[in-house]
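Between the sequences and the hints, there should be enough to build the whole structure, so can you do that?
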Amino acid sequence: MPRNFIAAILLAFAGLAAGLAQPAFGQGESWKLLTPSVAANVAASIRIQLVDKGGKPVARPLAIASVRADMSPDNMGTMTAPARSLPSKEPGVVVVETTLTAPGRWAITLSGSAGGLPAKGTVIVTATAKSAQAAPPPAVGHRIVYYRNPMGLADTSPLPRKDPMGMDYIPVYADEIVQSPGAIHLDNRKIQRSGVRTVAVSRMVLAKSVRATGIVAPDESRQSVLAARFNGFVEKLFVTQTGDSVRQGQPLMRVWIESPEVLIKEADYVGSLASGSDANANFAASVLRQFGVPQSELDAMAKSGTPTRAITIAAPSSGIVMEKLAVNGMRFSAGDPLFKITDISLLWVLAGVSERDLATVNPGQKATINFQDDPSASFVGKVLFVYPDIDAATRTVKVRIALANPRGRLRIGQYADVRIDALVSAAPVLAVPVSAVVDDGSRQIAFVAEPDGSFAPRQVSLGARSGDMVEVRAGLKEGERIVATGNFLIDAESNLETALQSLAPGQRP
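Each residue of the sequence shown is one higher than the last, beginning at 1215 in our numbering.
Hints are not guaranteed to be accurate.
To be verified - Under the rule of at most 27 Å between Cα atoms (straight-line distance), these lysine-lysine pairs were calculated in the DSSO-like manner:
id	residue 1	residue 2
1	Lys1422	Lys1691
2	Lys1376	Lys1422
3	Lys1450	Lys1554
4	Lys1580	Lys1554
5	Lys1376	Lys1246
6	Lys1450	Lys1376
7	Lys1596	Lys1580
8	Lys1334	Lys1246
9	Lys1596	Lys1422
10	Lys1422	Lys1612
11	Lys1246	Lys1270
12	Lys1334	Lys1270
13	Lys1303	Lys1246
14	Lys1538	Lys1517
15	Lys1334	Lys1303
To be verified - Okay, the calculated beta carbon distance ranges per label pair:
id	residue 1	residue 2	range
16	Lys1691	Thr1292	49 to 55 Å
17	Ala1516	Tyr1629	50 to 56 Å
18	Gly1681	Leu1247	19 to 25 Å
19	Val1648	Ile1626	21 to 27 Å
20	Glu1434	Val1541	23 to 29 Å
21	Ser1416	Leu1247	53 to 59 Å
22	Gln1628	Asn1494	51 to 57 Å
23	Asn1494	Tyr1601	46 to 52 Å
24	Asn1576	Thr1427	18 to 24 Å
25	Gln1628	Gly1549	31 to 37 Å
By construction, these hints were calculated from the structure, which means they are not laboratory data. Built from N, CA and C at the ideal position, the CB exists for glycine as well.
Shown next as structure tokens:
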């Protein structure tokens, strides 16, 4: 075979091999980032251009098949952001629209073709975020004191530098440094994002509902006991059952008199009437009344002219028969209880009020009471008396509440839920929302909004609490505006600021 023919075949194979080994880009071509940094968490357009080895744009038409944005340069490749590519009229330029959700370095990976040749590559974009306390660009004469970490960490630098994520430290100017220890500045964006809200310190009368549990008890002033005043026997009972309702003066029983003293006084009474000795008759009648002989029996003896061995005893008061000890035919002695009667038209509720609420509960206050048999029904009573002793076991104080009992609906011994409307302060006092006070256990702090836009911590002394309001006894003035919500964020910022201010400029890291 001629030598020239063999050489031609070898040259053809060499050309084919060179075509198969052609790189993804044209010789020396690469992607160039035209937008090196964007703001984090803000929609951005990133321009990327395909250039040759001389840095000139590649004129071949681009067709991008896919685009991906992730934080793989910072070892967070699983954190991605949605991205899409748009064509551009500039030669070799691709516009990537995305929102990089966190500050740091992001990898933008493009995959497609340029003039029919594969085009794939990655560029690195830096997403930056300004600190909430970052100052505006310096005016003439502003002096930079130090530079703060852009992520809010407690480190500073006397010279400009970058953090590990490539973000620039933020300059702090002399006229920005707040003179009050711990005071901080917040821009409007951070105030809105963190939900900071201020309220004015004002005066008000504090009231609260004191809650307690109680038991229904009889009114001690409406109880009566019928006791025997002489020896005798029960001949007949007219009220035979416990729980019967009786009226004052209603006959309860007929008794036979055994006592000689009563019989002698009856004879004196009848004899004095017969002899016309009114003084002796009146004296004997008064003694018989002390023995429990009713006036109706005295009138009957005066009319008949003879003493009686049996009398009728009536109810001393109206109410319910709570105890009936008398039985037909039984013998009783002087002093023996026979009936116990209680008027339940007005009852007491004995409530156990916690020791911490004792100072706010006083006689005359309104009490709302609910019972378990019908929680929707409420009864209104009035505090009558606060007992002078404290239960050592429960640390509660017994409070007596008067409560009307219409139609006998309530029962003695019934369990009650009590709510007493108590005044915490008789006169208006300075008060703020409870949420406005940061309590670390040893002191209480409120943040005052200063006229220059800063927030200064103020130690306060607290008094009584009423619901979501608390009395301020010292530390604030009426009309000052304090932070009511979002103060834990400000507290964290204030602690950082205090720590930084404790360092001299030369000592700052």
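Structure-based check of all given hints:
Among the hinted pairs, Lys1422 with Lys1691 is consistent with the structure: their alpha-carbon atoms are about 23 Å apart, no more than 27 Å. Only pairs whose Cα atoms come within 27 Å are accepted, and Lys1376 paired with Lys1422 is rejected, the gap being roughly 55 Å. Distance check on the hinted pair: Lys1450 and Lys1554 sit about 18 Å apart at the alpha-carbon level, within 27 Å; holds. Distance restraint check for Lys1580 and Lys1554: the Cα-Cα separation of roughly 31 Å exceeds the 27 Å cut-off, and the hinted pair is therefore not satisfied.
The hinted pair formed by Lys1376 and Lys1246 meets the criterion: a straight-line CA distance of about 23 Å does not exceed 27 Å. The hinted pair formed by Lys1450 and Lys1376 fails the criterion: a straight-line CA distance of about 108 Å is larger than 27 Å. A threshold of 27 Å between alpha carbons decides the hint, and for Lys1596 with Lys1580 the separation of about 5 Å falls inside it, so the pair holds. Simply put, Lys1334 and Lys1246 have alpha-carbon atoms about 12 Å apart, close enough for the 27 Å limit, and the pair holds.
For a cut-off of 27 Å, the pair hint linking Lys1596 to Lys1422 stands: about 16 Å separates their Cα positions. The straight-line distance between the Cα atoms of Lys1422 and Lys1612 is roughly 19 Å, inside the 27 Å bound, and the hint therefore holds. Distance hint between Lys1246 and Lys1270 is fulfilled; the C-alpha atoms sit about 10 Å from each other, no more than 27 Å. Among the hinted pairs, Lys1334 with Lys1270 is consistent with the structure: their alpha-carbon atoms are about 18 Å apart, no more than 27 Å.
For the hint linking Lys1303 to Lys1246, the alpha-carbon distance of about 16 Å falls within 27 Å, and the restraint holds. A distance of roughly 33 Å separates the Cα atoms of Lys1538 and Lys1517; the hinted pair therefore is violated under the 27 Å criterion. The suggested pairing of Lys1334 with Lys1303 holds, with an alpha-carbon distance near 20 Å, which does not exceed 27 Å. In this structure the hint that Lys1691 and Thr1292 lie 49 to 55 Å apart at CB holds, the actual value being about 53 Å.
About 54 Å separates the C-beta atoms of Ala1516 and Tyr1629, a value consistent with the hinted range of 50 to 56 Å. Taking the beta carbon of each, Gly1681 and Leu1247 are about 59 Å apart, not inside 19 to 25 Å as hinted. Separated by about 40 Å at the C-beta atoms, Val1648 and Ile1626 break the suggested range of 21 to 27 Å. In this structure the hint that Glu1434 and Val1541 lie 23 to 29 Å apart at CB holds, the actual value being about 27 Å.
Between Ser1416 and Leu1247 the beta carbon distance is about 57 Å. The supplied range of 53 to 59 Å therefore holds. Checked against the given bound of 51 to 57 Å, the beta carbons of Gln1628 and Asn1494, roughly 54 Å apart, stay inside it. A beta carbon spacing of about 51 Å between Asn1494 and Tyr1601 agrees with the range 46 to 52 Å that was offered as a hint. For the hinted restraint 18 to 24 Å between Asn1576 and Thr1427, the CB-CB distance of approximately 20 Å keeps it satisfied.
Against the hinted window of 31 to 37 Å, the Cβ-Cβ separation of Gln1628 and Gly1549 comes to about 33 Å, which satisfies the hint.
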